[in-house]
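Chemist: So the chains spell out like this:
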Amino acid sequence: MSPDNEAMADASTTLEREVTVENQFGIHARPAALLVKTASRFACEILLEKNGVQVNAKSIMGLLTLEGHHGAKLRILATGVDASEAIAAIVDLFERKFHEG
Amino acid sequence: MMRRPAETPRITVEEFFEAGHGSLELSWEANAENAVGREISEVALNRPGLALAGFLRYFAYRRIQVLGLAEMSYMNSLSPEERVQRYRILRNVPAVVLSRGRRMPLYVRKTTAELGIPIMRTRLVTGHFMNAATVLLQNLSSPRIRVPGTMIEINGIGVLLEGEPGIGKSEIALALIKRGHSLVADDVTSLTRDSTGAIQASAVEITREHMEIRGLGIIHVPRIFGVSSIRGDMRLDLIIRMRKQTREEGDIDRTGLDTTTRNVLGVEVPLVTVPVAAGRDLTNVVEVAALNQRLKQMGHDSARELDERLKKVLSRKENRRES
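Chains A and B, in that order, are what the protein sequence lines are. Here our numbering = 1-based position in the first sequence + 22. Here our numbering = 1-based position in the second sequence + 26.
Hints in this document: simulated from the structure, not taken from any laboratory. Don't take each hint at face value.
Said to hold, decoys possible - Rough simulated footprint, nothing fancy, chain B against chain A, three-plus residues with beta-carbon under 8 Å:
hint, region
1, 74-81
2, 84-90
Stated by the list, open to error - Derived SDA-like pairs: lysine to any residue, alpha-carbon spacing no greater than 20 Å straight-line:
hint, chain 1, residue 1, chain 2, residue 2
3, B, Lys270, A, Phe64
4, A, Lys59, B, Glu197
5, B, Lys270, A, Ser62
6, B, Lys270, A, Glu67
Where is the CB? At the ideal position from N, CA and C, for every residue including glycine.
Using the sequences plus the hints, can you model the full thing?
Modeler: Encoded structure:
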């Protein structure tokens, strides 16, 4: 994401970021709950995408159906006023392996 | 609701086997390893009797070939050299299925091993297999999308509840389950268009039978409420969109006279928008919306019928005044 992109972020722009699932068991119930908790702090719409399937990052059941195993590549799509903050917070979760190594 | 165009999926022999080995009683006879990634370029079945007899024009070689009693008996009537020759016409087919649990004669085994065609056998009789496999192939090849929303069956009507996370879809589903209705899918619903043109809804396999209730976490529905509380799949009859109540409600229908629909995989599905406000019992509203939809499907449109009656009464009164 270029700084230009970020500056343009408004209610209608969708910001995107790629992430890789790094924790051993992938997105199971606990990481899914953490993701929902984090995503729900933001007003923007946040979607997670894997192999063309998109789910709402504020839905536990949605995240579980993604089957985000270790090593899976996902795309985060955020649309709304606080989209860039939301993406930063979610990327941080992935990078910290959902605090479970 | 739909963010991506639905694609008609490519189907491989491996996928066909995986999906059908239970219901079609399939097992591998030969060359299973070649099934991986081997595409069924025409999603249908063919009985290659005519082709084996030598009439090769119109041979539907892109389809899965089914060898039944007739084909096998015919081949057995030929000389060994001729059989091998005839079997070679199958070299480009995606796969071969032997019906009635028949094993391959040795000469077929040799020829096909050479040709590398995946061969399955089914315990079903040919006719039954053809019917069941055709349905399965159609289901596999029909376009499928995954949508956010909770799917429930209410007195035989399939309802998809839509609304942003946290609006209370799962809570309403829970209340409906307690009233004896059945959950199809919580929060994420898989939709496909079947061969009759109806939209069929089901859960995504990995989360099937589960739902998430805020404050409780993930629950297993049939273990708490019994087997009648869930349903594998259900036709989609009605979409109910739940929306937070705002001042402006210009688009909320107060009469029920205007039918709104949403295009789902090319099919127009009735859509009702329901405002969510504190203290409003939406379980009742959703239940009645489903029953009202059922009435409509039976040919009764209450809003329209009342409106017709009103118009009749009003015009009578006007006539009386004039006369």
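Chemist: Are the Cα atoms of Lys270 (chain B) and Glu67 (chain A) separated by 20 Å or less?
Modeler: Between Lys270 (chain B) and Glu67 (chain A) the Cα gap is close to 16 Å, so the pair holds against 20 Å.
Chemist: Quickly compare the C-alpha distance for Lys270 (chain B) and Ser62 (chain A) to 20 Å and report which way the hint goes.
Modeler: Holds, at roughly 17 Å.
Chemist: Are there three or more residues in the region 74-81 of chain A whose C-beta lies within less than 8 Å of some C-beta in chain B?
Modeler: holds (count 7)
Chemist: Per the coverage rule (Cβ-Cβ under 8 Å, at least three residues), is the region 84-90 of chain A covered by chain B?
Modeler: holds (count 4)
Chemist: CA of Lys59 (chain A) to CA of Glu197 (chain B), is that 20 Å or under?
Modeler: Given that 20 Å is the threshold and the Cα spacing comes to 19 Å, the pair holds.
Chemist: Can you confirm whether the C-alpha distance between Lys270 (chain B) and Phe64 (chain A) stays at or below 20 Å?
Modeler: Between Lys270 (chain B) and Phe64 (chain A) the Cα gap is close to 17 Å, so the pair holds against 20 Å.
Hint violations for this structure: none, all hints satisfied.
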